[in-house]
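Read in order, the letters of the sequence shown correspond to residues -19 to -1, 1 to 174 in mature numbering (1 follows the signal peptide of the UniProt record, and there is no 0).
I should point out that these hints are in silico values taken from the structure, not numbers from a laboratory.
Glycine included, each C-beta is placed from N, C-alpha and C at the ideal position.
A portion of the hints provided could be inaccurate.
Label-pair restraints from in silico Cβ distances [claimed, not checked]:
| hint | residue 1 | residue 2 | range |
| --- | --- | --- | --- |
| 1 | Glu136 | Val33 | 21 to 27 Å |
| 2 | Ala144 | Ser44 | 31 to 37 Å |
| 3 | Pro22 | Val114 | 39 to 45 Å |
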Amino acid sequence: MLFCSSVAMAIFGLSGTLAAPARRSIVPINGDCTTPSGPVPAATVSDIVRFVGWSGAAYGNASSIESWTCPRCDEAPMLDNITVIEGSSFLDINAFQLEQAFIGVDNERQNIVVSFRGTIQTVADWLNDFDAVFVSADYLVSGALISQGMSKAYESVREKVTASLQDYVSANPGFTISFTGHSLGGGKLFPST
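Produce the entire structure from the sequences given, and follow the hints as far as they go.
What follows is the structure, given as structure tokens:
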């Protein structure tokens, strides 16, 4: 099985985040894409299943995520002390909150989990997906670029996620922090790290 960074970017939604200098050249970090990675350890598969479940849970509504009764919540272990963060649409669609994330604690693994919801079936979210004009993201690294749509989606929850995450870190010293998300949610997690 071949594993390369381009495949990982496609799978995890990094297509809208380009942490490369503005000269628009991308240099492989770990060599080329032809190095076989070998079998995936069972423990890693278990971790991937957990994170896929938490990514799916982010599509639930706020109350069902907090009570861990959302349609996809049974696919991952329940987290403790869940906070749902809702952002707003850049198109000011007020019928519902377009962008959403949640933070919870996996006490078993001493891990704080941040999960971003991906694209939902709305015109506004599809516009975010297709708004591929790259804009500066110097807050990531000097010269970094990010697609404008992903930037707008991330910015709608950034301040609340950052503030809440600081509270979780203070309340859970020594815990690791993990980010997950599907589709547009996978893209939003990279600027947050």
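Now for the hints, and whether the structure bears them out:
The beta-carbon spacing between glutamate 136 and valine 33, approximately 26 Å, falls within the hinted interval of 21 to 27 Å. Against the hinted window of 31 to 37 Å, the Cβ-Cβ separation of alanine 144 and serine 44 comes to about 21 Å, which falls outside the hint. Hint check: proline 22 to valine 114, Cβ distance near 40 Å, so the stated range 39 to 45 Å holds.
In summary, the one numbered hint that this structure violates is 2.
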